[in-house]
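With our numbering applied, the sequence shown corresponds to residues 934 to 1261, in that order.
It should be emphasised that the hints constitute simulated quantities derived from the structure, not laboratory data.
Some hints here could point you the wrong way.
Result set (DSSO-like, lysine-lysine): computed pairs, CA atoms no more than 30 angstroms apart in a straight line [what the hints assert, rightly or not]:
1. Lys1041 with Lys1110
2. Lys1029 with Lys975
3. Lys1110 with Lys1206
4. Lys1170 with Lys1128
5. Lys1029 with Lys1080
6. Lys1031 with Lys1138
7. Lys1136 with Lys1107
8. Lys1080 with Lys1136
9. Lys1094 with Lys1031
10. Lys1170 with Lys1094
11. Lys1094 with Lys1138
12. Lys1206 with Lys1128
13. Lys1080 with Lys1110
14. Lys1110 with Lys1170
15. Lys1029 with Lys1094
16. Lys975 with Lys1041
17. Lys1128 with Lys1080
18. Lys1206 with Lys1136
19. Lys1138 with Lys1080
20. Lys1110 with Lys1031
21. Lys1041 with Lys998
22. Lys1136 with Lys1094
23. Lys1138 with Lys1170
24. Lys1136 with Lys1031
25. Lys1080 with Lys975
26. Lys975 with Lys1031
27. Lys975 with Lys998
28. Lys1110 with Lys1136
29. Lys1107 with Lys1080
30. Lys1080 with Lys1041
31. Lys1029 with Lys1110
32. Lys1031 with Lys1080
33. Lys1170 with Lys1136
34. Lys998 with Lys1094
35. Lys1094 with Lys1128
36. Lys1128 with Lys1110
37. Lys1107 with Lys1029
38. Lys1138 with Lys1107
39. Lys1128 with Lys1138
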Amino acid sequence: MSLSNFIQGIGADLNFYEPVASQDSFLALRRRSQDTDGARGKPDLLCVCNPLTSEVFHIPNRLGKPPHHYALLGTDDVGLDGGMSQSFRLVSIWIKGKFFIYVYYCSKTRAWWRPTSAPELMAGLYLMPSPAAAFHGGIHWLCGSWKTFATTHVATLHVDKEELACVELPPEAKSSKAPLLGSSPDGGILLLLMKGLQMSLWKHKCDTGDAVPNWVLSETIDMTSSLPTRVLMMQPKARIRLEIFRGRSGAVVIWIEGEGLFLFCLGDRSMRKIDNENVTKRFCFCPYEIDWLSCLAVTNLVADGSLDGRRAMVHGRWNTLMAKNINK
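All chains should be modelled from the sequences, with the hints used to inform the complete structure.
Following this line, the structure appears as structure tokens:
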């Protein structure tokens, strides 16, 4: 679906932008800038949009060399009048050896902030090529060990504290080929593992009195009834990989060799195909998770007629979105 369906007046302005990060109702977009000879001489063009409110924030980019990672951190703000609003920080991260160099743009101050220090990754670890999980002021990566080349830790960059903390994973993760990080509904770290046709969810618990954080097995799901028949016939040779997890909606994106991408819902165990492999190889794929609770809060204001112009617009887009996604 084109963003122009939600953001009026943009036309084809965002056609050459690709999604790089999402959080709450915000979506970060990048347009790669190139000179006429193909050299990377100019910084990327950046913007953050909220399709539900039709807002587009064009961000001045003076970063120079493109970062290795982008991440979005959303924040719920309360004004002096008690009204609720949302702000965001777009974090750009460069990995230089063991050091994490990052800057972030704040929508409230409309300026870039550069920390005074560069946190360092724990000795003997390296970042795994898996998606980062960003929530509650932290950006989380899976890390491997140079000794065993197995996934052994979670590294968390605390943006405000300018600190990098590492937590050891449960033993079950160290034998898993493609673990995945996400957030639990209460804001904690959630680890998803796939072994055969079994998906397991591990929740990270860190009590202030414990010297070592604990991992608790939250749930084990048998995927047999959800996967395509051809995949079941190919066992144990079928290749299945966890790609993306969104804790608020309980949605897991799963890649199946020869089939493409599927969306699995933890709530009702439903599975539906997203696209085939040809499409996902051609285009940049980024999940966008709508902040339904904020939308419902806006909807509840209709009864007393307290919607201002912007909230009325959000309410209209909410109704449009619901009409397109609810089966009649």
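Status of the hints after comparison with the structure:
1. Lys1041 with Lys1110: violated, 41 angstroms
2. Lys1029 with Lys975: holds, 21 angstroms
3. Lys1110 with Lys1206: holds, 23 angstroms
4. Lys1170 with Lys1128: Status holds; Cα separation ~12 angstroms.
5. Lys1029 with Lys1080: holds, 20 angstroms
6. Lys1031 with Lys1138: With a Cα-Cα distance of about 27 angstroms, the restraint between Lys1031 and Lys1138 holds, given a limit of 30 angstroms.
7. Lys1136 with Lys1107: holds, 16 angstroms
8. Lys1080 with Lys1136: holds, 26 angstroms
9. Lys1094 with Lys1031: holds, 18 angstroms
10. Lys1170 with Lys1094: violated, 45 angstroms
11. Lys1094 with Lys1138: Roughly 21 angstroms separates the two Cα atoms, so the pair holds.
12. Lys1206 with Lys1128: holds, 21 angstroms
13. Lys1080 with Lys1110: With a Cα-Cα distance of about 16 angstroms, the restraint between Lys1080 and Lys1110 holds, given a limit of 30 angstroms.
14. Lys1110 with Lys1170: With Cα atoms ~14 angstroms apart, Lys1110 and Lys1170 stay inside 30 angstroms; holds.
15. Lys1029 with Lys1094: Cα-Cα ~20 angstroms, so holds.
16. Lys975 with Lys1041: Holds - the C-alpha atoms of Lys1041 and Lys975 are around 26 angstroms apart, at most 30 angstroms.
17. Lys1128 with Lys1080: holds, 23 angstroms
18. Lys1206 with Lys1136: holds, 27 angstroms
19. Lys1138 with Lys1080: holds, 27 angstroms
20. Lys1110 with Lys1031: Satisfied, since the Cα-Cα distance of roughly 23 angstroms is no more than 30 angstroms.
21. Lys1041 with Lys998: holds, 25 angstroms
22. Lys1136 with Lys1094: holds, 24 angstroms
23. Lys1138 with Lys1170: Violated, at about 35 angstroms.
24. Lys1136 with Lys1031: Holds: Lys1136 and Lys1031 sit about 27 angstroms apart, inside 30 angstroms.
25. Lys1080 with Lys975: violated, 40 angstroms
26. Lys975 with Lys1031: holds, 27 angstroms
27. Lys975 with Lys998: holds, 8 angstroms
28. Lys1110 with Lys1136: Holds. Lys1110 to Lys1136 sits at ~19 angstroms (cutoff 30 angstroms).
29. Lys1107 with Lys1080: Roughly 12 angstroms between the alpha carbons, so the hint for Lys1107 and Lys1080 holds.
30. Lys1080 with Lys1041: Measuring from Cα to Cα gives roughly 44 angstroms; hence the hint is violated.
31. Lys1029 with Lys1110: Holds, at roughly 26 angstroms.
32. Lys1031 with Lys1080: holds, 16 angstroms
33. Lys1170 with Lys1136: holds, 29 angstroms
34. Lys998 with Lys1094: Given that 30 angstroms is the threshold and the Cα spacing comes to 25 angstroms, the pair holds.
35. Lys1094 with Lys1128: violated, 36 angstroms
36. Lys1128 with Lys1110: Measuring from Cα to Cα gives roughly 9 angstroms; hence the hint holds.
37. Lys1107 with Lys1029: holds, 25 angstroms
38. Lys1138 with Lys1107: It holds: about 18 angstroms lies between the C-alpha atoms, which stays within 30 angstroms.
39. Lys1128 with Lys1138: holds, 23 angstroms
The earlier numbered hints that this structure contradicts are 1, 10, 23, 25, 30, 35.
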